[in-house]
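> Start from chain A and add chain B according to the hints.
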Amino acid sequence: MQNVSRWYGNVVAVNDITMRLEPGVTGLLGPNGAGKTTVLHMMAGFLNPSKGTVTLDDKPTWRNPEVYRHLGLVNEREAVHGFLTAEEFVVANAKMHKLPDPKAAAARALDLVEMTEAKDRRIGTYSKGMRQRTRVAAALVHNPRVLLLDEPFNGMDPRQRMHMMTLLHSLGERGHTILFSSHILEEVEQVSGTVQVIVAGRLAASGDYREIRRLMTNRPHVFAVQSSDDRRLAVALIAEKSVSGVEIDATGLTVRASDYGSFTRALPRIALGEGIRLRKLLPSDESLESVFSYLLEA
Amino acid sequence: MSTVAYITTRGLFGRRRALLLLPLPLLLVGLALLCRSYDVPATDWGTPVLVGLGLAVVLPVISLIVGTGVLGSEVDDGTLVHILTKPMPRRDIILAKLGVAIVVSAVTCAVPLFIAGALAGSAKLGVGLAVGAAVGACAYSAFFLLLSLVTRRPVLLGLVYILVWEGLLGRFVSGTRVLSIEQYVITFADRISSSDLLVARVSLPVAVVLSVLITVGCTVAAVDRLRSFSMAGETS
Numbered sequence: 001m002q003n004v005s006r007w008y009g010n011v012v013a014v015n016d017i018t019m020r021l022e023p024g025v026t027g028l029l030g031p032n033g034a035g036k037t038t039v040l041h042m043m044a045g046f047l048n049p050s051k052g053t054v055t056l057d058d059k060p061t062w063r064n065p066e067v068y069r070h071l072g073l074v075n076e077r078e079a080v081h082g083f084l085t086a087e088e089f090v091v092a093n094a095k096m097h098k099l100p101d102p103k104a105a106a107a108r109a110l111d112l113v114e115m116t117e118a119k120d121r122r123i124g125t126y127s128k129g130m131r132q133r134t135r136v137a138a139a140l141v142h143n144p145r146v147l148l149l150d151e152p153f154n155g156m157d158p159r160q161r162m163h164m165m166t167l168l169h170s171l172g173e174r175g176h177t178i179l180f181s182s183h184i185l186e187e188v189e190q191v192s193g194t195v196q197v198i199v200a201g202r203l204a205a206s207g208d209y210r211e212i213r214r215l216m217t218n219r220p221h222v223f224a225v226q227s228s229d230d231r232r233l234a235v236a237l238i239a240e241k242s243v244s245g246v247e248i249d250a251t252g253l254t255v256r257a258s259d260y261g262s263f264t265r266a267l268p269r270i271a272l273g274e275g276i277r278l279r280k281l282l283p284s285d286e287s288l289e290s291v292f293s294y295l296l297e298a
Numbered sequence: 001m002s003t004v005a006y007i008t009t010r011g012l013f014g015r016r017r018a019l020l021l022l023p024l025p026l027l028l029v030g031l032a033l034l035c036r037s038y039d040v041p042a043t044d045w046g047t048p049v050l051v052g053l054g055l056a057v058v059l060p061v062i063s064l065i066v067g068t069g070v071l072g073s074e075v076d077d078g079t080l081v082h083i084l085t086k087p088m089p090r091r092d093i094i095l096a097k098l099g100v101a102i103v104v105s106a107v108t109c110a111v112p113l114f115i116a117g118a119l120a121g122s123a124k125l126g127v128g129l130a131v132g133a134a135v136g137a138c139a140y141s142a143f144f145l146l147l148s149l150v151t152r153r154p155v156l157l158g159l160v161y162i163l164v165w166e167g168l169l170g171r172f173v174s175g176t177r178v179l180s181i182e183q184y185v186i187t188f189a190d191r192i193s194s195s196d197l198l199v200a201r202v203s204l205p206v207a208v209v210l211s212v213l214i215t216v217g218c219t220v221a222a223v224d225r226l227r228s229f230s231m232a233g234e235t236s
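Protein chains in written order, with our numbering: chain A, 1 to 298; chain B, 1 to 236.
Next up, chain A with everything else stripped away, as it sits in the complex:
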């Protein structure tokens, strides 16, 4: 996506976003109403950007059905032809892709999403999670290089969710480019380290969220530290320039450092100098949740 904006009348849904997706799994993260679905629809060729260009292999996705040879889409709306069985549905998708052996391709895709056993039942009788997996099978039947998924874990039970996460992981590792949107941080954190964060129609951050956190130098980094003598270590640490605060409680120390690199280099030196043994050092605000809340506040 290159300088892409999309507006509806006076309302700007997406504002000047530039984004490039590489092979692997990327999470498209943002609160409800941030513009995630609009971005996905523009990428999938179902929405014309008001400004800018959206391309796949340098070809525009808008008004270009040829892109679907390499692109699969699972949109949020869980509409499926309920009068067909899962097998009929996925075989029909394979035929529309003009695959040489539609039945074999459909069997492979259904097996990937663990729907082989239920493939002969009408989709109308499926649970929400089963319908979702059937749609994923249909989107994967032609083995696309790029797969876009809008809120793919909606309606899935924990086991199905885990299976879908493993599937996305393995597709990413095999070189597929996977982009999935979600507003649930735990989902994104478990599936992907790379995120594109959209807030109010703008791209707020892009890349590995742990890297993003380290670049936020205006916010102190928080570490949980345990040692053989927490109180003495606290006294020594407060004299260190990169440390902006230390709290002590029963579980150990909570250290706020203004500079990630300086602190992590200084801590072993200080501990060694004081003869204190370090038992635990954990960055406690590098979770996606912390990064996301910092971005929302910014």
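If you are wondering where the hints come from, they were derived from the structure by calculation, not from laboratory data.
Selected chain A positions facing chain B (Cβ under 10 Å, derived; list incomplete): (1) G45; (2) F46; (3) L47; (4) N48; (5) R63; (6) R69; (7) E78; (8) F83; (9) F89; (10) K95; (11) H97; (12) R135; (13) A139.
In this text, all values refer to a predicted model and were calculated from it rather than measured experimentally. We treat Cβ as the ideally placed atom computed from N, Cα and C, and that holds for glycine.
This is chain B only, laid out in the frame that chain A set:
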């Protein structure tokens, strides 16, 4: 049969909406049978039943149900996206869906119109009505298919066209008959059957040219419209 046509046909007959196709043709044949069995002269019931019910109501309403059903219901429930995310020319999708709409509408209307025409006059009248219905099904289907892509209320707009434009204005404002598919159908049926029960108000060349123009024009417009099919974000 193409996969798109297969899914469209299964979808059309898999919905309750398909049941709406039955009552009108049955009513048409039932009325004709009733009049015939009571030996009512065809000059008394032929025109109101064949034209007033058959060509003015049964054919356009059946074409409306089917024409908006083959694409409009997939647009409404979102299943169309499974067909659109394929590397197929949009022309092929429209032609497959239009083909299904024309065949289903033509068969559903031509058979009862043939039976009713044969009961009212002769087999020739039945053939004239059936051919007229088949040609009318082409124009109506293309028109209603396009409506389902340009508006969110294709059935309502289609009914306005049938009831207000063809039904009301067509009776009282002679100029509107030139743009009335119903009048073209009457002209075709009249020319083939030469029956006194049918009165053509539009010349044959006008009926032929405008039927082709409406069918081709609406199909081309529908293909172009489908190329630019947009999905609105539901969560954003």
